[in-house]
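Enquirer: In case you want the letters, here they are:
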Amino acid sequence: MQTILSNIKSSLWIAGWFMLLTFPLMVVKVDTIEQKIQWRFQNMIWVGAIIFLISFLTRQFNQIKKISEKENIGQNRHRKINLIIQTFHNYKTLSLLISVLVAILFPYIVSAYQVNILTTAMIYVVLGLGLNIVVGLAGLLDLGYVAFYAVGAYGYALLNYHFQINFWMALPICAMLSALFGVALGFPVLRLRGDYLAIVTLGFGEIIRLILENWNAFSFGPSGIANIPRPPIGGFESNIQTASIFMYYLMVLMVLFTIFMVNRLQFSRIGRAWMALREDEIACQAMGIDRTKTKLLAFALGATWAGLMGAIFAAKTTFINPACFTFLESAIILSIVVLGGMGSVLGVILAAFILILLPEFLRAFSEYRMLIFGASMVLMMIFRPQGLISRDSKQYAISSH
Amino acid sequence: MKLFFSFFTLLGIIVFTTVVFAADTINLGVAGAHSGDLASYGIPSARAAELVVANINSRGGILGKKVNVWTEDDACKPELATNTATRLISKGVHVVMGHICSGATKAALGIYKDMNIITMSPSATNPDLTQSGDYPNFFRTIASDDAQARLEVDFALNVLKLKRIAVLHDKGDYGKGLAEFARKFIQQSNKAELVLYEGITPGAVDYSAVIRKIKRSKAEAVIFGGYHPEASKLVSGMRKKRMDTLFISDDGVKDDTFIKVAKKYAEGVYATGPKDVSNNPMTIQATVEHKKKYGDDPGAFFLNAYSATLALLNAIEKSKSTNYQDIKKALQTQFVETPLGNIRFDERGDAVGVGFSMYQVKNGTYVEVK
Amino acid sequence: MMFSDTFSDSVLYFIELLLSGLTRGSIYALIALGYTMVYGIIELINFAHGEIYMIGAFTALIISGIMTMYGFAGLSVFFTAMIIAVLYSSAYGYTIEKIAYKPLRNSPRLSPLISAIGMSIFLQNYVMLAQTSDFMPFPTLIPDFECLSLIDYMIGGPELVILITTVIVMAALSILIKYTRIGKAMRATAQDKTMAMLVGIDINRMISITFIIGSALAAIAGVLIASYIGQINFYIGFIAGIKAFTAAVLGGIGSIPGAVFGGLVLGLTESFATGYVSSDYEDVFAFALLVLILIIRPSGLIGRKMTQKV
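Residue numbers (this note's numbering), protein chains in the order written: chain A, 1 to 401; chain B, 402 to 771; chain C, 772 to 1081.
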């Protein structure tokens, strides 16, 4: 039991440590060009004050939590979540109706900007669900998922440029192309475990990006491909407004389709095979499951979704270049899966919205945007490492009626 | 279930964070890379806009109205650029100064074009932007890649009379675009041999391998497309290895920061840049303002952005309206005094009166080569 | 491309590329050691490690800036800046571990990874905002040695210092790990945390020490490379980090000689790829090499074969 005084003391020490730690970078600004130094001591005071407050408040809060936890042992949290889920179950039809209404009317209520970012968020939802198959269900840590995204995008762009293939015809082609690449990635990594797999997939992602960047003759290099046509809506005059709205609806349909497919896959034979693979690879093999086929299928299916999204992405932004497909994108998609809770569809959806819409909301903070974003990622992991909707919390209490 | 709840909450948050601005201000949108690895090329432009607008507002604004700057970050990524564009439009901007990277600009221009918003970039050099005719709403205060490459190659062939040239680039949109043109011009001319054509990776840990390759190719000069960080690394590396290969580069290198970073190794380096600006009083004043407000020297494309902002706001003032056609006509017919000179714009959107000439570093400063 | 060489020219070129590759490889090795040590002890890919390298370089820049302002110069500046950079980077490594990784030690495997990625983004922007987004010139702290002026065109002072430092560091680290008590304790913790606890080893302390040592090495690399290249910027950690991590895995993650070997192999591959093929694809060669080696030897070049207990 720590007294308030001891908390204050520890917080002071921590604040002091941080002030010392950040002293060179925050206080001193050396201009080696002009040969002058700028001392910004007020920064140090700010750092000290903020860290002190955070530290002190966290300690107090933890203390209160510990006391209350000792009295009710942890069941509370599960019970609360179950209660919420139960409430929504009771109002199932009403909730469904309202959400459908909101989804349909949304683009007409809000501005083009918000439709645009929500469409982007939905693209990432599908990407997250796709990666979820590979990472969440099959347990294969893929750090190069963005490669398949790029294959889809460049696939559509190039097919359209060279052969004038329109969007609708290109979609299945891109899907198959990405699936092929998925298998191509899968083969070399069959024997690899855990983090070795991760780095190879990362390498694969980078190789694809670098080839796109350097092989000008094929991919137009860093200048990218411009004027990619939006999907033709047959008859409708296409300007920005209608195109964005159309994209929005298309994505809503894609999201629903993906959720449906992922659900079916999860509870199918192959889905169970993936989960067996994830839990214990050797036992899985001992049970007679073909490891190779299972792994390749996971990669291929995951890649297919990325490919589809890539084509849609190209059509939506009308311009792509290799810089769109960096490792950071893979990292964000992975974060969506982890934050969502590895295997939980709802969680992935929520996480995608949070991670994609958060930087947009933070535009108000202009230059501090990415700083807050990075900090949020760390905080979200610290406070909820199992993800927003973890597998455990899906245990429903059996009600008496 | 939870989906609907979160949807609703999000909806609420989204609606509340939209700010629609009243129509009695002139709204200038500034878009560019303010975070990520290309931030050092976008931040100076944002600052330039802020300085110009602060000056104008202190003198009473334009047409009696205050000017508002809306700065948005696109990190030079096309999809963020489209987000930025739609966001700026939702905010009711009348003109946009940006974007910084050609790729991001291309992505966003379609949106601006549909909404009839004039866009002027200080740094997007891809020739298609003005030459293809696809973007009638686009202007820029920088020479396109082919113009710069033409100048560099002509100088190398006709003035320096070089016979063996190596062309390098930084694999980026700006650098590689320029290098491609340089290669084409050299090969077309038949006056010199292209002994090496390579791209270097920006941010790599060491460049000695490429430098040794340049040495081995026995090139007399290197034409480099890219920005000053890679240029200074290459030049320092070459000079340290006792190579006296000439170094010719572009606007991204004609920057005082290059000289300050490369120090003594910068001596003798050639770079193209807008004609004769260092004596321009506006240039001097703009640089002083930047130093005063931000504490350090202006970075890349600062003067281009300063000029672009001045040109846009001047066009609004002269045409007395924020209408697309009026502004466009004003830009094409009215001259405006900027740090880059007295300029106006041609029918395709390129700046007229921004001459380009070759500079050389002599005794620590860039001196124009006549 | 016309390269009509005499035989001696070719040999010279080869040696030059070799030296280039070793220099580059040494930097990768120094950073890779940090990755591999942290991985060995808590099985985490510390994505923020590249940023610690970058912070080391920036700290050295600031210290040397202050010192040159007050009239110091030469080697005294170099050593002071190096020592302070090492101290600060270690402090950052220690703090980052306590904030972002320690709370997640018993969490699902991927959570600390995401936390690391978030921390990496945070640190990059922190330095960008606290200092500047521009490229800052780094003073040449390593003087040119006169005795080298004859082969100056082939190898310079900084390159030599980098190579020698890496050798010394690796030797020192090996001695530490193999022959000291702390080294033994670290190895024990890496092998089996629970058992180490049971025999009385303070694993928290061991983990912190690992982070501190790893960060110190990264700082040394940062200062060296900054003096060599002459410029730094808040983003350099990202690329160096990915390369170094690749090197660590190449050599077998968790293995200290593996990290060094992997770093050197990677550096040499890139150098030769640039020299004999094209600089455009040097990174592709590096990653392709990685894939190739891992296909043939799934645990890396010197990695221990991980036996899976069923």
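Worth flagging that the hints you see were computed from the coordinates, not collected in a lab.
Hints may be right or wrong, so weigh each one.
What the hints assert, rightly or not - With the Cβ distance kept under 8 Å, some of the chain B side facing chain A (calculated, not the full set): (1) E473; (2) D474; (3) C477; (4) K478; (5) S491; (6) G493; (7) S503; (8) I512; (9) M516; (10) A548; (11) P603; (12) P682; (13) E690; (14) K694.
What the hints assert, rightly or not - List of simulated lysine-lysine pairs, DSS-like, C-alpha gap at most 30 Å: (15) B/K771 <-> A/K29; (16) C/K949 <-> A/K65; (17) B/K692 <-> B/K676.
Said to hold, decoys possible - Derived list of chain B stretches under chain A, where covered just means 3 residues or more per stretch with a C-beta under 8 Å from a C-beta of chain A: (18) 524 to 536; (19) 735 to 748.
Quick caveat: nothing in here was measured; it's all calculated off a predicted structure.
Quick reminder that beta carbons are idealized off the backbone N, C-alpha and C, glycines included.
Enquirer: The structure should be examined with respect to each hint, and the outcome stated for every one.
Expert: Here's how the hints hold up against the structure:
1. E473: 7 Å, holds
2. D474: Holds, about 7 Å.
3. C477: Cβ of B/C477 sits 6 Å from chain A, so the hint holds.
4. K478: With Cβ-Cβ at 6 Å, under 8 Å, it holds.
5. S491: With a minimum Cβ separation of about 4 Å from chain A (threshold 8 Å), the hint on B/S491 holds.
6. G493: 10 Å, violated
7. S503: 7 Å, holds
8. I512: This interface hint holds because 6 Å falls under the 8 Å limit.
9. M516: B/M516 check passes; min Cβ-Cβ to chain A is 7 Å, inside 8 Å.
10. A548: With a minimum Cβ separation of about 16 Å from chain A (threshold 8 Å), the hint on B/A548 is violated.
11. P603: 11 Å, violated
12. P682: With Cβ-Cβ at 22 Å, over 8 Å, it is violated.
13. E690: 16 Å, violated
14. K694: With a closest approach of 14 Å, the B/K694 hint is violated.
15. B/K771 <-> A/K29: 39 Å, violated
16. C/K949 <-> A/K65: 44 Å, violated
17. B/K692 <-> B/K676: Holds, at roughly 23 Å.
18. 524 to 536: holds (count 3)
19. 735 to 748: violated (count 0)
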